[in-house]
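Q: Going line by line, the protein sequences match chains E and S.
Using this note's numbering, the letters of the first sequence correspond one by one to residues 1 to 110.
Using this note's numbering, the letters of the second sequence correspond one by one to residues 1 to 117.
Derived from the structure by calculation, the hints contain no laboratory data.
Some clues are possibly wrong.
[As the list claims (entries may be wrong)] When the alpha-carbon atoms are kept at most 25 Å apart in a straight line, the in silico SDA-like pairs for lysine to any residue are as follows: (1) 44/E / 63/S; (2) 44/E / 29/S; (3) 47/E / 117/S; (4) 44/E / 27/S.
As the structure is a prediction and not an experimental result, all values here were calculated from the model.
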Amino acid sequence: QSALTQPASVSGSPGQSITISCTGTSSDVGGYNYVSWYQQHPGKAPKLMIYEVSNRPSGVSNRFSGSKSGNTASLTISGLQAEDEADYYCCSSTSSITRVFGGGTKVTVL
Amino acid sequence: EVQLLESGGGLVQPGGSLRLSCAASGFTFSSYAMSWVRQAPGKGLEWVSTISTSTYYADSVKGRFTISRDHSKNTLYLQMNSLRAEDTAVYYCAKDLGRGEPYFDYWGQGTLVTVSS
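Based on the provided sequences and hints, a complete structural model is requested.
A: Okay, structure coming up:
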């Protein structure tokens, strides 16, 4: 159950687009479409932003989008805003019917 | 409105035990898989355990932690035994989006467990 690999930090200016990668294996990210993304502000509980690779829950801005290619999933935030500054985590189901998170990416809005 | 309220956290000595509870409301508790996710201070999220028709555990807690639920009380539990310093974390309970949809759509505010002598 090794954690999925995410960059430690990503930054961008307001209005720009950024992409966060999440790399796993064929036993998790690459083997299933059960990939989700969570946003966490300091001191707060995580919030579901993307599920099943690319679906947005009701109420989540369409500036957030997800995709997957092979063993790597990606979260793109377009039109970056100050409120998007937070930690982001990917998560995948695995072949063992367990779940695994990525190490997290800190997004900074310059 | 879906609400998840954790309780039971606190300070415990290494080797000790603690039982966490998560009171659920606002949805049909018995119809959804429920999970525990933890976050060590300053660290990332770590999946701990899920209960649906079966139970599943992270290798780091297997054999020491037990997840259970009481449908009559709409409450999720996590019995934690043989606690170690590395179990120190905020423990969140989380609800799955739906049957066959292993995504955490609602989270509690968390309860802090500190393992220290």
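Q: Residue 44/E and residue 29/S: Cα distance at most 25 Å?
A: Satisfied, since the Cα-Cα distance of roughly 23 Å is no more than 25 Å.
Q: Under the criterion that the straight-line Cα-Cα distance not exceed 25 Å, is the pair residue 47/E, residue 117/S satisfied?
A: violated (34 Å)
Q: Quickly compare the C-alpha distance for residue 44/E and residue 27/S to 25 Å and report which way the hint goes.
A: Roughly 22 Å separates the two Cα atoms, so the pair holds.
Q: Within a Cα-Cα threshold of 25 Å, do residue 44/E and residue 63/S meet the stated pairing?
A: Outside the cut-off at roughly 30 Å; violated.
Checked against the numbered hints above, the structure violates hints 1, 3; every other hint is satisfied.
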